[in-house]
Structures are given as structure tokens and as C-alpha cells.
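If you want the building blocks of each chain, they are given just below.
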Amino acid sequence: MLNLAHLSKVYADGTRALSDINLAVRESEIVGLIGGSGCGKTTLLRLIAGLDTASQGQISLDGEIITEPHPAIGIVFQEPRLLPWLTVSDNVAFGLDQVAPAERAARVAHALDKIGLAEHATRWPRDLSGGQQQRVAIARVFVANPKVLLLDEPFSALDAFTRASLHEHLLGLWEETRPTVVLVTHDVQEAVTLADRAIVMQPKPGRIFDELPLGIARPRDRSSLPFESAVRRVMGALDHSLNTVQTSPQRERDREAAGLWW
Amino acid sequence: MTGKAERQAWSSVEEAAALAAPPPAGKQRPFEWRVLLGFLLPVIVALAWEAAVHFGFAQGRLVPPPSRIFATLSALAATGELWTHVSATLWRVLVGFVLGASAGIVLGALSGSSETTRRLLDPTLQALRAIPSIAWVPLFILWLGIFEASKVALIAIGVFFPVYLGITGAILSVDRKLVEVGRVFRLSRLKMARRILLPAVLPEALIALRSGLGLGFMFVVAAEIMGASEGLGYLLVDGQQMGRPDHILAAIIAFAILGKLADSLLVGATKPLVRWQDTARGTL
Ligand SMILES: Nc1ncnc2c1ncn2[C@@H]1O[C@H](COP(=O)(O)OP(=O)(O)O)[C@@H](O)[C@H]1O
Ligand SMILES: [Mg+2]
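So the sequence lines, in the order shown, correspond to chains W and U. Going letter by letter, the first sequence gives residues 1 to 262 in my numbering. Going letter by letter, the second sequence gives residues 1001 to 1284 in my numbering.
These are calculated hints, taken from the structure and not from any lab test. Since this is a predicted model, take the numbers as computed values, not measurements. Just to be clear, a hint being listed does not mean it is correct.
Restricting the straight-line Cα-Cα distance to at most 20 Å, the calculated cross-link-like pairs of lysine to aspartate or glutamate (EDC-like) are [as the list claims (entries may be wrong)]:
1. U/Lys1177 x W/Glu79
2. U/Lys1177 x W/Glu168
3. W/Lys204 x W/Glu176
4. U/Lys1177 x W/Glu68
5. W/Lys147 x W/Asp239
6. W/Lys114 x W/Glu175
7. U/Lys1191 x W/Asp97
8. W/Lys114 x W/Glu68
9. U/Lys1191 x W/Asp196
10. W/Lys147 x W/Asp20
11. W/Lys147 x W/Asp187
12. W/Lys204 x W/Asp239
13. U/Lys1191 x W/Glu68
14. W/Lys114 x W/Glu176
15. U/Lys1271 x W/Asp127
16. U/Lys1191 x U/Glu1180
17. U/Lys1177 x W/Glu27
18. U/Lys1271 x U/Glu1204
19. W/Lys204 x W/Glu27
20. W/Lys204 x W/Asp13
21. W/Lys114 x W/Asp90
22. W/Lys147 x W/Asp127
Sample of chain W residues lacking proximity to chain U, with all beta carbon distances greater than 10 Å (derived) [claimed, not checked]:
23. His6
24. Asn22
25. Ser37
26. Thr43
27. Pro71
28. Arg81
29. Gly95
30. Ala157
31. Leu171
32. Arg178
33. His186
34. Gln189
35. Pro219
36. Gly236
Idealized CB from N, CA, C, for every residue including glycine.
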């Protein structure tokens, strides 16, 4: 179980990015974090990934306190961040240098097959489209078999069709080892498509506004009634989160800016 | 709705992208005839001058026609004199380049990878860089004598600064986001250097080495003009003193060819290391 207790983050310049975050994520649960920009979503994932340290509170994975990158925790950033000097398959193999070559090759081949890029194995990243690059980035964390997978708006730069196909690829890989997933998104449809629970965040300081269990059977049909009602509920909570911020001229401007993204 | 059609369109876009990708290395690309356009101007000028001298419109005493320059070159080559000069010059450039580039790489790496060493080293090196390198020559001659050591030292100084600056800059501009990928996969310091920093720095480092090599050739001329008994720079001075512009031009042409060859050699030798980069690099 991934547990966040009283987590706060104040950056060196005084920005209060997160304030008293409490969250428990069950094993194999997929949690969708939703909120406008500046809610501290990226900050939260970076803390869990051990890339940054909390100002207060703690993060634990099965009782073990996380303060630095952990082998059981993988992250996919908003950009693919592939290493341009490695071929697609070498990029996927990047985290596997402790694994015996034969097994490494087998795992990489399997992952590439799963994400539909087997025939691109020997290409350079620059020869791939954005969606293909992001698939490689996803394969790169999956081959390391993480228990916790952090995804920071991994599909936000892609068009709707590419995104839909990536959702399928992601779920396909997830089915194999069923890691715990924390998915940051600003797309309500995406959250409802993938997550078991939606968490709505609010900015300044970043905090959890609401949690909504989604409880829709998989595979999910985007046109089914439960799906549509879940989308409406999350939208409602999001609206509410924007409207409950105390109003002041500055707040008002922030709210407008936050409203732009959807 | 239109979902199916658009999905199809999307998949064909991906295929189109795949088709547009450059062909795998080793395949022959069609010859670019427009490259030859660049030769047009010098060839016309050379022919025009040759004709002007041939038909008596000009004497060609101060500016000898191409045919006379090549005759001089082949005469120098035939007596073996040319090789004496070429090998003397090349040897100086090589030793100076190796010394200057090594120092530049080591100090550049130190200064690029640690804030403390940068604050310690960089101001001094920047101050030294402000001194025109040739100004060191009298001092080098006092310290190291008039023979090889002082010449090599001057060349090494010339090579050092672009390499130092290039390496420092390359390390400082390594994408922090890629370093973070290394952190997430918990690379040790050594592995981080080998698997992320080194490959990331390589392209810029090679450019720095190339400009270092270029300056090496520039400074070997200066060093040899200021006093040498052999070398292409000596040939220049000798040509001036003997009133032989054809010797001077022959030496200049030899310098141009050597410089270009050395640069191509460096590019060719390092090409496998940066194969992942755009193929445009070869034509830089
Ligand atoms: N390294 C940093 N230093 C200072 N402030 C930061 C830093 N990173 C993020 N912030 C600030 O923290 C807040 C939350 O940022 P972030 O976690 O990126 O939000 P989100 O991902 O939800 O858009 C923002 O106000 C942002 O400007
Ligand atoms: Mg973010």
C-alpha cells in the first residue's frame, strides 16, 4: 500500500505547492489525480518518485519510507524523455542493466510487442511520432516491473485518437502485473476511463478537495450510462472545487486561468 | 460517427511518418548536383587568371597563374622538400592539439561538473583567455627556447580555450530532464557519467575539438612565421624573402588541404559515436 501522510511541500522561493495531503492507495488501485495547473500534481508525483523531498509529512510504500528514488516506483513524465542516443529497444532496456542479457532481451521484446512497436525496435527516438515515443517511455518503466507506477499527464500532448489507443496499450500492460497507478490528468474522460478513484485537487496551496470512487466495471464503455454519470460527477466536483475558492481579485484571476484548461 | 475513418487516417499518418524517416545507414543517397555549384566561382576565377596570363594581358609575377603554382607544388613534392615541411607542421599541430585538447577536456570537465571548481578555475581561465595568445610568444621563447617546445606551447594554448569553453558549456547544458531519468533508475555517479552525461556531451564536445583543431592550424602558422627552419609556415616566410609568390601560394594551398583533411579525419573518426544525430552533421 502506498501511503501519504500529512504531506506538505514549500519550495525554496516560498511557494506552498502542497499542504497536508493524506492519501492511501491500495495495491493495484488506479487513482486519477485531477486539477488545474498549479495544484501541485507534478510536485506530488515527484515527491512519491523520490526526486524531491517533502517539507513535512511522509510517504511510505508497504511501510518503507520513501525519500529517494525506489526500485519499486516508476514514473512516466509529461514528455517521453527518451535518451536520443539509444535505439528504441535500448531505451526500453535502460533500467535493466542488472538483469541477465537473455532475460533483458526477452522482456524488452515482450514489452515492445505489447505496445505495438516491435518493428521499430532498432530505430532512433527522433524517427518516432510523439505517441510512439510516449509508448516507449511507458514500456521503459513497465519492463522494470514497478509496484507503483506514476504517470504525469503522459498523454496530454497527444491528439484524441492517439490518446485513446494509448489508454488501451496502458491497460494491456497494467493487466500483466497490476501495479498501483497514480495517474495525473486534466482530462476527466481519461480519469474515468482508467481510474478506480478520482481525486480532485485545488491550488494555492495544493490540496485534496474531493475523492470520488468510480466503481465502473472493466472493460469500460465510454457510451455506457455509468460511465457518463461518473464523468458528470467528476465534472461537478471539479466545478465545485473552482467555485469554493474564496474570492478576491487575485483569486478571481487565478480561477479564470485555472478554468482555461477545460 | 467518423471514428473509424479518422482512426484509419491516423494510422496512415504514422505510416507516412515511418516512410518519411531517413533510410537506414549504408544506403546510397542520390548525388546532390547542386554541391558542384560551390566550385563554379573559384574555378572560373582561376581559369580567367590563367587565360589572362597565358594571353599576355597580365604578367602574373606577383600573382602567379594556377599552372605555375601547381608546377611549384609538384617540384617541391618531387624533391621531397614538401614532405619535410608538411610533416614538421603536422607534427607540431598534432602534439599541440593533443596537449591543449587534453588540458581543455580535463579542466572543462572539472569546471562543468562542479560549481566549486568552476568558481575556482573559470575566472582565472577567462582572464587568461582575454590575452591574445600570440602575446605569450616572447615569454615562451624565454622559458622554452626557440625550438619546438615554444611553438607547441603556443599551439596548445590556441587549442585549449575553445575546447575548455566547449566542454564546460556542453556539460552545463546537459538536459536536467535526462539526468532525472538516470536518477529514477538509480544510476551510480559513475554510471550517470557514462550512460547519460558522456553521450549527451559528445556532440558539442566534438564541435569544440574541431574548432580547437582549426585554431591549432592557425597558431602553427603564427609559430612558424616567427622563426622556424622547416614547416609550411617557414615556406611562407622564405617565399616572401626570396620574392617567390608561387612558394607562398603553394604553402597556402597545402595548409588549406591539410586543415580540411585533418578536420575530415576527426569528423570521420568520431562519426560512429554520434550516429544517432541528424545526418546533416556530415555536411557541416
Ligand atoms: N521547482 C519549483 N520551485 C518553485 N516553485 C515551484 C517549483 N515547481 C513548481 N512550483 C510551483 O508549485 C506549484 C505547483 O506546481 P506543480 O506541482 O507543477 O503543479 P501542477 O503539476 O498541478 O500544474 C505552482 O505554483 C508552481 O509554480
Ligand atoms: Mg504538472
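Now for the hints, and whether the structure bears them out:
1. U/Lys1177 x W/Glu79: 9 Å, holds
2. U/Lys1177 x W/Glu168: 27 Å, violated
3. W/Lys204 x W/Glu176: 38 Å, violated
4. U/Lys1177 x W/Glu68: 16 Å, holds
5. W/Lys147 x W/Asp239: It is violated: about 33 Å lies between the C-alpha atoms, which goes past 20 Å.
6. W/Lys114 x W/Glu175: 11 Å, holds
7. U/Lys1191 x W/Asp97: 10 Å, holds
8. W/Lys114 x W/Glu68: 30 Å, violated
9. U/Lys1191 x W/Asp196: Violated, at about 38 Å.
10. W/Lys147 x W/Asp20: 25 Å, violated
11. W/Lys147 x W/Asp187: 25 Å, violated
12. W/Lys204 x W/Asp239: Holds: lysine 204 of chain W and aspartate 239 of chain W sit about 16 Å apart, inside 20 Å.
13. U/Lys1191 x W/Glu68: Holds: lysine 1191 of chain U and glutamate 68 of chain W sit about 17 Å apart, inside 20 Å.
14. W/Lys114 x W/Glu176: The given pair, whose Cα atoms are some 10 Å apart, holds under the 20 Å limit.
15. U/Lys1271 x W/Asp127: Distance of about 19 Å is within 20 Å: holds.
16. U/Lys1191 x U/Glu1180: With Cα atoms ~13 Å apart, lysine 1191 of chain U and glutamate 1180 of chain U stay inside 20 Å; holds.
17. U/Lys1177 x W/Glu27: 29 Å, violated
18. U/Lys1271 x U/Glu1204: 13 Å, holds
19. W/Lys204 x W/Glu27: 30 Å, violated
20. W/Lys204 x W/Asp13: 14 Å, holds
21. W/Lys114 x W/Asp90: With Cα atoms ~16 Å apart, lysine 114 of chain W and aspartate 90 of chain W stay inside 20 Å; holds.
22. W/Lys147 x W/Asp127: With a Cα-Cα distance of about 31 Å, the restraint between lysine 147 of chain W and aspartate 127 of chain W is violated, given a limit of 20 Å.
23. His6: For histidine 6 of chain W, whose nearest Cβ neighbour in chain U is about 25 Å away, the distance exceeds 10 Å, so it holds.
24. Asn22: 25 Å, holds
25. Ser37: 18 Å, holds
26. Thr43: 14 Å, holds
27. Pro71: Contrary to the label, proline 71 of chain W does not stay out of reach of chain U, its closest Cβ about 7 Å off (not over 10 Å).
28. Arg81: Label violated. Min Cβ-Cβ 5 Å, cutoff 10 Å.
29. Gly95: Check fails; 4 Å does not lie beyond 10 Å.
30. Ala157: Alanine 157 of chain W is indeed farther than 10 Å from all Cβ atoms of chain U, at 14 Å.
31. Leu171: 18 Å, holds
32. Arg178: 21 Å, holds
33. His186: 20 Å, holds
34. Gln189: 14 Å, holds
35. Pro219: The claim stands: proline 219 of chain W keeps its Cβ more than 10 Å from every Cβ of chain U (closest is about 17 Å).
36. Gly236: 26 Å, holds
The structure does not agree with the numbered hints 2, 3, 5, 8, 9, 10, 11, 17, 19, 22, 27, 28 and 29 stated previously, though it agrees with the rest.
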